[in-house]
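So the protein lines, in turn, are chains P and F. Count along the first sequence from 1, then add 34; that gives the number in our numbering. Count along the second sequence from 1, then add 34; that gives the number in our numbering.
Simulated from the structure, these hints should not be mistaken for laboratory data.
When chains are identical, the list treats them as one kind, so a pair holds in a single copy or across two.
Calculated cross-link-like contacts (lysine-lysine; reagent style BS3-like; alpha-carbon spacing at most 30 angstroms): (1) LYS165 / LYS97; (2) LYS165 / LYS336; (3) LYS59 / LYS267; (4) LYS274 / LYS59; (5) LYS165 / LYS51.
2 protein chains.
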Amino acid sequence: MTSLQPFLAAIQSEIDKTVYGESPKELYEPIDYIMELGGKRMRPALTLIAVNLFSDNWQNALKPAVAVEVFHNFTLMHDDIMDAAPLRRGQATVHEKWGDDVAILSGDVMLVAAYELLTTVDDKYFKRVVKRFNRTAAEVCEGQQFDMNFATRDDVTEEEYLNMIRLKTSVLLGFALELGGIISDADDKTIGLLYETGVNMGLGFQLKDDLLDVYGDPEKFGKQVGGDIIENKKTWLLLKALEKSKSSSPELYKELQSWISTTGKDAEKVAAVTEIYNKLGIKTAAENVVNMYFEKGLRALKSIEVGDERKLPLKEFAAYLMARES
Amino acid sequence: MTSLQPFLAAIQSEIDKTVYGESPKELYEPIDYIMELGGKRMRPALTLIAVNLFSDNWQNALKPAVAVEVFHNFTLMHDDIMDAAPLRRGQATVHEKWGDDVAILSGDVMLVAAYELLTTVDDKYFKRVVKRFNRTAAEVCEGQQFDMNFATRDDVTEEEYLNMIRLKTSVLLGFALELGGIISDADDKTIGLLYETGVNMGLGFQLKDDLLDVYGDPEKFGKQVGGDIIENKKTWLLLKALEKSKSSSPELYKELQSWISTTGKDAEKVAAVTEIYNKLGIKTAAENVVNMYFEKGLRALKSIEVGDERKLPLKEFAAYLMARES
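Looking at chain P on its own, in the form it has when it is part of the complex (with noise of 0.2 angstroms):
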C-alpha cells in the first residue's frame, strides 16, 4: 500500500490533533480512547484518495474525513453497547471501561463532532454534503437494527443479508469516497460513479470479512476464526449453505440446523460447520461473490473519466482490501 501512506499518515495526524472537548472529562476522554484504538481508517482514506482524483490539494479535505472516521467510530461505541462487546481491537471498549451512560451519551457527543468536523467544507457543497450524510447516517443505523432483528429470526433470505450489511458497511464508504467527490466539485455523474465504487467495495469487504471469519489464517486474522459460526450469525456463508443444502443435499442440511442447535462444543462445530461449508463448496462461491463486488466497484470506477495515474491509489485501495489476511 505504499502509495496509501502519505494519505494514512496525514490521516494519523490530523485525528492525534483533533480537540473534540475539554469538559466534563467523561464526556471526552472515551472519544479520544476509541479513537485512537486504530483501525485501518479506510473511511477517511476513501475520501482524501477520491480527492486525489481531482487535484493535488487533498490536505484541505483532511477534516472533512476525519468526520467520517468519527462519525464510523461513534457508530463503533454504540453498537458494541448494544452487541455487550468486551473488546475493541484488543482494548476494553468503552461502555466496558466507562459504563453503558459514560458510552452511549460520548457517542451522542461524537456524532454531534462529526457534524462539525463537516462544517469545514466550502459553503457552497456543505447543504449537499449535510443531506447527503444525514441520509448515510440514518441508513447505518437501519443495518444495525436489521442485524440486530437478524440475531432473531430464522428465514433471513440472502437478499435481505446483502441489504443488511449495504446498509450497515457499505454506504458509508460509498458516501467516503462520494465526499470527496462533491467537494472538488465534479458532476454529478461522476459523483454518482464515486458512490457506486464506495458501495460495491463496500459489500465486496464485508463479504471477505465473512469468509476470513471462516477461512482466515489464525495465524494473521486476529480475531478468534469460527467466532461467527459459534454464535450462529446469520452471514452470507450460513445463509448460502442453508439454501443450497436444503435444494440439493437434505441429508447435510439436516446436519447444519443440527449443529446450529448445539452450544458448548465449540471447537467441534466450527470444524463440523466448516467441513459442510467445504463439501457444498460454500468458499468458492463466497470468494466469487466477493470478486464480482470488487470488480463491479472497479467498473465503476473505471468508467470516471479522470487520468489512469490519478486512479492508482484507489485501484491500489482496493486491491489490498480483496487481498486482506485481516
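Once you've looked at the hints, dock chain F against the given chain P.
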C-alpha cells in the same frame, strides 16, 4: 396563552405529518411514539415566536422549529435510559417499552433527523445554523454528564449547579430563539439578544421547576411533589439550604444532613426538609432568583429593536412560564 395558540397548533400539525422513516419499524416507531407523548412544545414555539418578531411568515420556519423539538426529544429518549426512568408524561419510556438497544439506536436516528429538518433553512444561513446547533447540542450533552457527575458528589456549588442547568436546559431555549433570528436575517446584535433572552428564560424555567418540585400544588403539578427531596437531588434549593444553614444555623445544617442520609421515610423526609427550607427562607430566595432570571431575559427582549406589539407573544410566553404551576 391565547396569542400562542396559532403557533402551538401549527407545531402539532407539523409534528403529526413529519415522517422520520419507514423500515425497520423498530427504529422509527419509537420516534413517533415519543414525539406524540406531548409536552409544552416550548422550544419550537420559541423559534416561531422569534421569527414572528420580524415577519408574519413564521409558517416557513415550522420545519427548523420542529428540528429543535426532535432534538429535545432525542435527549429525553437517551436521558431516560441513563436515569432508568420507567415513565415519561405518564406513559412507558421508550427503553422500558422496547428495550435499551432500540432506545439507543432510535435516539441516534432522531439526532440525524433533527439535522435533516434543519436542512430546510435557506442555504445562506445553513452553515451558521448548523454550527450553532452543534455547539448547543454538545453543551446539552455536557450538562447531562455534569448532572450525572453531581449525583455522586457532595461538594457541588451553586455556581456549578447554575452552569449545569444552563448547559442541560437553557442553551437550547437560547438556541431556539436565536435560530428564529438567524433565519429572519436579523443582525448579530439582535441575534445575541434573542439568545440571551432564551438562556435567561431557561434558567428561570429550570429553577421554577426545582421550586415546583417542593412547593407545587399536588393537584396541579403532575409529578410527585417532593421527588427531588426523596432522591437527594442537588437542586438549587438544597444547595442554597446547605449553604445558608452551614453559615447561619449549625443545628439546621446537621438536621438537613441527617435527612439526606435517611432512606425509607419518604413522606416524613419531604415534610421535614420542606420545613427546614421554610425556616431558612429558601422558598422566597428561590422565587427571587426565578424572577431575577426571567426579568433579565425580558430586559434583553426589551433591547431588541422591533415594535412592542411584535413582542407580545414572547412576553406572554415568559409570563406563562413564570406563573406556571405544572
